[in-house]
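Which chain is which? The protein sequence lines are E, W and D, in order.
Numbering of the first sequence is given in this note's numbering, commencing with residue 269 and proceeding in unit increments.
Numbering of the second sequence is given in this note's numbering, commencing with residue 1183 and proceeding in unit increments.
Numbering of the third sequence is given in this note's numbering, commencing with residue 515 and proceeding in unit increments.
Just so you know, the hints here were simulated from the structure itself, not pulled from any lab data.
Simulated pairs of lysine to any residue, SDA-like, Cα-Cα distance not exceeding 25 Å:
| id | chain 1 | residue 1 | chain 2 | residue 2 |
| --- | --- | --- | --- | --- |
| 1 | E | K576 | D | I654 |
| 2 | D | K854 | W | V1371 |
| 3 | D | K854 | W | A1374 |
| 4 | D | K641 | E | E457 |
| 5 | D | K553 | D | G713 |
| 6 | D | K910 | W | N1344 |
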Amino acid sequence: MITNKKGLLLIGLLGVGAIFLFLVPIFASRFTVFILYLLFLNIVLAQSWNLVGGYTGLISLGHAAFFGIGAYSAAILMSELQFPFIIAVLAGGGLAVAFAIIIAFPTFRFRGVYFAIGTLILAEALRIWMINWEFTGGAQGVQFPISRIPSLNSFYYMMLTAAIVVTAVVTLILQRKLGLGLRAIRDNEESAQNMGVNIFRTKLFSFTISAFMTGLIGAIHATRLSVIEPYSIFGVNWTINMINIVIIGGMGTIIGPIIGAIFITFLGEALADFYTVHLMITGVIFILVIRFMPEGIWGWFQQTAFAKKIVDWFLEDGPMASGFTGD
Amino acid sequence: MTINTLLAGALNGFFLGGLYATVAISLSLVFGVMRLVNVTHGEYLIAAAYLNIVITSALGIDPLISTFISIPILFVVGYALQRWVLNPVMNKGMEPALLMAFGLSIIAQNGLIRVFGGDSKTITTQFSQRGMEVFGITVPTIYVVSLFIGIILIGGLHLFINRSFLGKAIRAATQDPETAGVMGINVNVIYAITYAIGATLASFGGLLIGTAFSFVPSTGFYWLLKSFVVVVLGGMGSIVGTLAGGLILGTTEGIGAAFVGTGYRDMIGFLIFLLMLLVRPRGLFGQKGSE
Amino acid sequence: MGQWHQDLQEIDVFFECRHVTKQFGALTAVDNISFSLEKGQVLGVMGPNGAGKSTLMNLIMGVYPLTNGDILFKDVKISGQPTSTISSLGIGRTYQIPQPFSTLTVLENLLIGDLYGGNHRSVKAGKARGMEILDRVNLIQHAHTKSGQLGLLDLKRLELAKALSLNPELLLLDEIAGGLIDREVEELQGLIDDLKQSGLTLIIIEHVLNVMFAHSDKILALNFGQKLAEATPDEIVKNEEVIEVYLGKEEQETRPSVAKISSQSKSQIEETPLLEISSLNAGYGDFQALFDVSLDIYEGEIVGLIGLNGAGKTTLIRAIAKQIPWISGEVSYSDTSLAKLKSHQVTGLGIAQCIEGRQIFPRMTVKENLEIGAYPSRARQKREETMQRVFELFPKLQERQDQLGGTLSGGEQQMLAIGRALMSLPALIIFDEVSLGLAPLIIEDLYRAIREINESGTTVFLVEQNVHRSLSIADRAYILERGRITLSGTAVELSEN
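Excised from the complex, chain E in its bound form (with noise of 0.2 Å):
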């Protein structure tokens, strides 16, 4: 879509920094490596999120159950049936979309903050029954076989690779009719009905999608904890973190989840001897936002005269994309 030279220049700015990217851990610090790994976890579970809260306006209080699905699987198919770890991992992604697909049925009758109670006690509800269940290793957890966990170095590429692809897929979703339909759900669930939408199998394609790149993203990062217990794994922190960063990053946005997990990352880092003075910070903002910029960071940013001045710049020899940008 992008047809013109400063088009291809913003293309060639992305890839340079993708290669950068690529080339840190030759370089950088063990350190280093795995804040950025962290980071780039922390933006495709943000981009999950926002694919189901964002863009289609369902607030999931669940999307804990989704990881913690994930990174069991993957635990006990690996350690259990000695899978290899690729397929532990897409089956982990596998499941959690299973498990979407259940929950779909009673949770999208419910509206608005309904959904949001239901999903949130059909998590709980999960971690509960994790914690008891003797096959998965019940409040002990599970431990991987430690012989056939991969480097640092291999999570680090995995979760550059994961953060984006899924940004990317992202991306595509809302250039097609699957997206549309997303975004028109969120603007207007009775007119998107007048308009052909199958509200409820829209909603489930975005539900499962999500579920698959969280389960599969809890799937790796398990692997790299190496010892899991349900109590943490399927707790609601992993959701909470990931509204945190949609909301104060931009929601409904692409950029914003980025943005959101800089910020909430590097704060987390700066913090990192202050966890509990960290999490208040991040509260504090989080109020701030939702009420004095509901649109996050990005939005805001996007409203300054600054970033019309670039968009301007980059749109001045004809038009870049027809608007159809999906944020």
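Since the structure of chain E is already known, use the hints to place chains W and D on it.
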């Protein structure tokens, strides 16, 4: 499993249900009546429990008296938060207020960890660690006390909401804020008062949680979920329904746990909640159209 | 596009409603309505507010299930199908209040219909088709504007374009001209003509009757959910029943003209009006609904405000009550400016409203509803006493005092709304569409009550759609058209006009 363990489970659960109801009253008012999805509810309960410990040790008085001293403090905090933090987004639909409360919850929970640390605490009263015989079955005394406190508070709140002029104004403002404004009601103030009353009611919930169980700052989340279940079971907007919701939740959990083991106890309640939302969204005592 | 539809075999029934009935609780909103349409016909649906026109539209679109009856489209039963299926079969609808996907661009709005309803796959082809439609409705310059930023006329165009993007064979147009000025209405008329020429079948609901009459092959007149008449436009304008429902019965018993003259002179003697509106401009967001509105109401008067749906009557009331912000102008109440007051403080001054749609608190009893009416502090102490007076005026309310507000009939709810307004002991009451959707007998009762209220010393500002009814009781009246006062005078003067 003998019939006796089943009966013991049911009876214990029934009285525990009284505690559930008391803990959920605040949410019943703020979520059920005022329609604010107050996910900060759990933090109010736990903060009230810590406040109780602080007042008790500072003044060297009985925790029961501390409960009453903490009421005005909670009222002021609740009033201020609703008036200046939550009210500005109340007219933008339920989601922004939900997210706002979500942010407050993060701040409160971590604030509590910062101040009180992560060690588990209890409140010691004359009811702690004691049991009493009911129909030949030993039940923790605090559960029975909870049911009595619950009945008194729920009765009182029911009368206040349904009989007093302020209560009627609260119902009017929450049913139709715009028309209530036309009637001369300052809806912002009414919201703040309602929320503040909700906050003060947490003072009792916190006392009971602290006496019957131990708590850490993150325990609030557990009680938030329990309270959601109780309010939805009983019916949105029905104060008396909350008592029924608590008792039913407690009893079914008690019976269910006798069958499938105590580990799954909480899950039973959550599944009943989902079932209720699907089958009868307005709950047991909810009026038609109140869902 | 859509050519293959015509290649199919003969269709027996293009569109037909058979005994269509819809009940909401005790209310029968649409009552046993049958009619059929041939391909290419244009049907106009008329009827006063609350006659069931929009409900009929919603039933056709499958928004709620029918209580009874069937709806057929091209020989297929569509009642009972989900809305998305019905629209995919080729029925498009526009909303009275535009329902854009506000964060989507105009072109993207159309893509939804094309890709989903029209079941096409390619976004690129969809854009091309969308641009054609935008060209047709004259919206092409805004193709890439976010639809939330459009003005009213453009939103109406977008409504039409959205419906067309489904590539429909049957199009339901709900109040497409409502709220527009003459020039804009003309333009939309041209569009409707185009659609008719291209062979589309149309069902038009419209308050602006000349728009509807100009295009329709036949007219369906509704009242209280029932079919009043089905005939050609020429026949319908001669139909006595329709005229009566639409314009109201010409009541012989108008107020003695002496009274009018005396109050006319009173308004000249009195120095300051009770309520004075000067050059008020107001609206919703970017959409201005009131332009330079000025009017005075003197103590003891009944002043009427007459205007069609969408003329801005309710907006004016909401502006007086400070429920919407003013753009400019001034409203003062016995010399106190309302500019800086909040909504609830206006009521405190002594202005009560009896709002359109009744707005009863549904989960509170009749008695509680009345008590809430006495919320302002000066009324609260006397509430028992005032309630007795309300019960004298409306004995029915006393009988029903412990019943929930939501369970009352329409007429009873209106009584309650009036009673509740009286509870605040107001000096001025604003009545907004008291007669909305009520039976004539009940309306007479309500008007008698309003007269009594006025005679006991309360000033009345009466907002009405029905000209005759309003003038039968008012001393003076103002006519509001498209947000502007176009005429004012005594009831006698206006009756003659």
